[in-house]
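Following the hints, put chain C in place on chain B, whose structure we already have.
There are 2 protein chains.
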Amino acid sequence: MEYLAKLPRVFCPESVVVVGASTNPDKLGYHVMKSLVKGGYPGRIFPVNPRAAKIWDLPAFASVDEVPGKVDLAIVVVPAQAVLGVVEECHRKGVQGVILITAGFREIEDPAGSTLQEQLRQMASGWSLPIIGPNTFGFVNLKVSLNASFTSEFSLLPQGGIALVSQSGGFCHLSGFRAIEENVGFSKVVGLGNRCNIDFPDILPYLADDPDTRVIALYIEGMDEPRRLVEVAKQMMGRKPIVAYKAGRGQSGNSASKFHTGSLAGRYEIYRGAFRQGGILEVGQTEELLDVAKALDCLPKLRGNRVAVLSSQAGPGMIACDVCESNGLQLVGFSPATQQRINELLPPLAIRTNPVDMGPAWYNPGAIVGIMEAVLDDPNVDGVIFLAMYASANIALAGKMREYFEGREPLSKPLVACFSAPPEIWWEDIRAMDRKKGVVVLPTPERAAKTMAALWRASLSGG
Amino acid sequence: MEYLAKLPRVFCPESVVVVGASTNPDKLGYHVMKSLVKGGYPGRIFPVNPRAAKIWDLPAFASVDEVPGKVDLAIVVVPAQAVLGVVEECHRKGVQGVILITAGFREIEDPAGSTLQEQLRQMASGWSLPIIGPNTFGFVNLKVSLNASFTSEFSLLPQGGIALVSQSGGFCHLSGFRAIEENVGFSKVVGLGNRCNIDFPDILPYLADDPDTRVIALYIEGMDEPRRLVEVAKQMMGRKPIVAYKAGRGQSGNSASKFHTGSLAGRYEIYRGAFRQGGILEVGQTEELLDVAKALDCLPKLRGNRVAVLSSQAGPGMIACDVCESNGLQLVGFSPATQQRINELLPPLAIRTNPVDMGPAWYNPGAIVGIMEAVLDDPNVDGVIFLAMYASANIALAGKMREYFEGREPLSKPLVACFSAPPEIWWEDIRAMDRKKGVVVLPTPERAAKTMAALWRASLSGG
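Read top to bottom, the protein sequences are chains B and C.
Numbering-wise, the first sequence is residues 1 to 463 according to this note's numbering.
Numbering-wise, the second sequence is residues 1 to 463 according to this note's numbering.
Chain B with its partners taken away, still in its complex shape (with noise of 0.2 Å):
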C-alpha cells in the first residue's frame, strides 16, 4: 500500500514539526520539544504554536503552512477537535506522516470520539498519510538520535537491534526504564496506540526491511484483525524472528483493552493460534519479553536442545538445571576429551560433570575460563549457560572473563550468563562482555535458563 512506502521516511526524517509545541512544562508539547531537542535529533525541528515566539529558543510559527522549506514528520500533541484541521494542513504541507499524540478518539465511552477517529482514518486514507496513533506517546528511533516522544529520558535506552511495537505506551514505559537497567538494545521504540491506519500488520514489513532492527518485540492487548498478523508475519518467517507478549487475557483484562486502545483483546486462544501459525514466539512477562528479545539480538541460533551449565556455586547451577529440564533442554554429557579437560582444571571435590559446580576453582579465574571453553568447543554442547556470584575471594573473575571475551572470536553457539554482584563490583566489566561476542547477560539464573529455553523455541519455529 502506498502510504506504507512513506515509513522509511517517516522514521527517519530530514525534519520535523510540532504542533501544540508549548513553553508550559505541564504540556506535553513541551515534552516533545523536550525529547527532539535534549535527545540531539540533527534535522530541523520546527515548534508550531501561535502563541509564542521561541520554543527550546527555536523559532516557533504561527501555523504549519508558514514553516518554510520541506517537512517530513509531524508530531501533532493540539487537543482532539483541532486534529482534523491540523492534518489536513500536515497533507497540503506535503508531510509524509504524522505522530497523533492526542487521545479522545475510538478509546473513549463517547461514540464520538469512534466517528472522529473514522473521519481521520478516510482522510488519511484519501491522501495516503500515515498516522501512527492517535493515542500515542510517539516513537523513538535511537540510530537517528530521534526521540518523537513525549518522554525525553527514552533518549537513555540503549542502542541495539531490538524494535519493540507496543500498543500500550505504559508498557513501553516500564520495560523501556527496565530495559536502561538491564541493558537491553533498541533500534526503535513505537507506540501504536489507537491504530488510525498503522497497525501491527502495517508496520512490520518496513520493520523486516529495516536494517537496523535485527529482532521484534510486540506487545499486543487487542486487534481488529488478528489474521492479517499471521499473514504478515508469515511472509517474514525466517527473515527476523517476532517476539510477542498478549496481554488481555482474561475477562477484566478484554473490557480494559476496549477502552484503551479501541480494540476488544479477544479470545486468548485465538492470538495463540494465529502466533503459531505466523511463527511468532510468544512470551508471557514483560522480563521476559526483554530478555528473549536480547537473546535473539545478540546471540547465535541455538542449533540444538543440548546445553551445558556451568556454575560457580552449586544452588544457582540447580536452579538452572530445574528450568532448562521442565523447558526442553538437555543436559548433555561432554565428550571425553571436554571431561578430561574439566578434570584437569577442576579437583574431584564437587559435581565435574553437567551441571558444573566450579566452586572449587573459586580463588582461579583461570581455571573457570578454561573450562568454559572446553565446554564451549565441545561439539555435545549447543549452548552453555554460565553463572557466577560474587563472593570476596572470585573478585577476579569478571575482569577475567571479559579479558578473554575481548581476546577471542566470536562465539559460534550462545552463552547466556548471569553474574550477580553487590553495587559497584564487577558492573564494568558485566557491562563489557553483555550483548557482544555471543554473549548476553541476565539478571538471575531462572532467567537466564528461560531465556536459553526460548531460544530453543524460536529455532524450532525457524524464527
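Hints listed in this document are in silico derivations from the structure and should not be mistaken for laboratory results.
Small disclaimer: the values here were computed from a predicted structure and weren't measured.
Any given hint could turn out to be false.
Where chains are identical, the list cannot tell them apart; a pair therefore holds if satisfied intra-copy or between any two copies.
Unchecked claim - With a straight-line cut-off of 30 Å between C-alpha atoms, the simulated DSSO-like cross-links for lysine-lysine are:
hint, residue 1, residue 2
1, K400, K38
2, K34, K143
3, K400, K27
4, K34, K400
5, K27, K143
6, K437, K301
7, K437, K143
8, K27, K70
Leaving out everything else, chain C in the frame of chain B:
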C-alpha cells in the same frame, strides 16, 4: 535439645574468635575479618593465627586457648584436616557455637569427607555444641551489625523482618545482591551448608522466637528428613509465615544436590506435600521468594481475594489483571460511594471501574491520590495493586504519593505498588514509601500481582 538453646547467644555473641584469620586477601580468613571489622560489629573480635601479630589492626593469637576472656562464637576457616582439633579447642574455651566455613566434608566425592563430618557431629553432640556448616559462607545478623560471613558486602543488606535460611551460599549471594537493589529487608541471612547439627528444622524454633524476625524464607535443596521440617512447621503455624523455594526438582538437580551439601534433593512431590502439610508457602523463583517474603514482612494481612487494580496507564493494568485472574484473585466491583468518588475525579475518557485506568488524571496527582484513597476505604476491596509508570508530565506523582503516605495512619489492607521510572527520577520518593505504612514496591506489574496472589494463598494456609 540443649544445644539449640545456645542459638540466641550464637547469633548475638559478645565476642567472636576467627580461627584461620589471615592477612592475605586470597584467603577466606581475610574476608571474614573484613566482614566483622568493616561491618561494624561492636563486640570483641579475636583473630587466631599462629603466624601473625596483627590482623585488620587487631592483635592476633596463636590459638583459641590463648584468647583472653570469654568467647561466644567461633568462626572457623582452617583446612578440613585441622577442624576437629580446632572445634575441640573451641569446646574447651566454652564457645557457645561454631560457624564452620571450611569445605571438604560430606559434599566431596571421597568418602573420607562423610566420615569426617560424622566424627564432627558426634563430638559436637557430646559437647552440646551447635555447628553451622561445614561448607557455609556463615551468617549475618543485621540487627546487631554482625557480619559473620566471608562476604563483607552483606553488610549492605537493608534491615527488615525476613530471616533467609539457605542450603546454598550461592543462593544467598544471588538473592542478597538483588535484595540490595530491590530494597528487601532482612533480620538474618544464614547459610546452613552441610548441616552438621543445624538443619532447617533445628533453626526454625529459634527464628520463631526471634523478635527481629517476622517472616522466614527458606531455600531448600535436599534434606535427610523432610518429615522433621513438617513437624516443626506445624508447631509454628499461625505464628510466623514460612515461604520456601525448593531447588533440585529434576534429575540433574538431584545428583547436583548430593554433591553440593551432602543430601539428595529427593522427589519434588515429597517436598510439595511436606510444604502443604506444614503450612509452608511454596514459591518457584528467586525473585518470587524475595517479593513474597517482603510483602509478608511489611503488609497487613490480605483478608479476602477481592482486589482492585489502579493503574496510571492502562497496559500495565491489564497485565496485572491477567495475573490476578489466573491466580485466584477477583477484580471486584466498587461500592457505589467509591464509584461515585472515582467518577468525580476521572473524566469519562477511560475505564473507571476496576481495573481503573487513571490515565486521564495524569497531570493531576491529587486526583490519583484521591482515587487511591477512595478505593482503600472501600469495604468491598481487600487489597490494592497500584501501578505507575513515569512519563514526563506525571513527574510530581511519586512525591505526592509519598506525602500522602507520610501523613496518614498505616493501611489496614495491603497495597502492592509498582513504580517504574528512569534512573534518578522518583527514586527517593519510591524508597521513602517502600516497606512502610502497609505499602511495598515491586519492579513489575506481574510481580506485584503475583505477590498479591501469594498473600492470598498465605491467608488460606493460615500463614
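Please work out whether the CA atoms of K437 and K143 approach to 30 Å or closer within one copy, between two copies, in both situations, or in neither? Result: close within a single copy only, 21 Å intra versus 45 Å inter.
Copy assignment of K27 with K143, given that the CA separation must stay at most 30 Å: within (27 Å within a copy, 48 Å between copies)
Taking 30 Å as the upper bound on the Cα-Cα distance, should K400 and K27 be classified as within, between, both, or neither? For K400 and K27, only the inter-copy Cα distance (19 Å) is at most 30 Å; the intra-copy one is 50 Å.
Could you place K34 and K400 in one of the four classes (within, between, both, neither) given a Cα distance threshold of 30 Å? Result: close only across copies, 24 Å inter versus 42 Å intra.
30 Å Cα cut-off: does K400 pair with K38 within a copy, between copies, both or neither? between (38 Å within a copy, 27 Å between copies)
Give the relationship of K437 and K301 under a CA distance limit of 30 Å: within one copy only, between copies only, both, or neither. within (13 Å within a copy, 49 Å between copies)
Alpha-carbon proximity context of K34 and K143, limit 30 Å: Answer is within; shortest intra-copy Cα gap is 18 Å, inter-copy 47 Å.
Could you figure out if K27 and K70 sit no more than 30 Å apart (CA to CA) within one copy, between two copies, both or neither? within (26 Å within a copy, 69 Å between copies)
Checked against the numbered hints given earlier, the structure satisfies every one of them.
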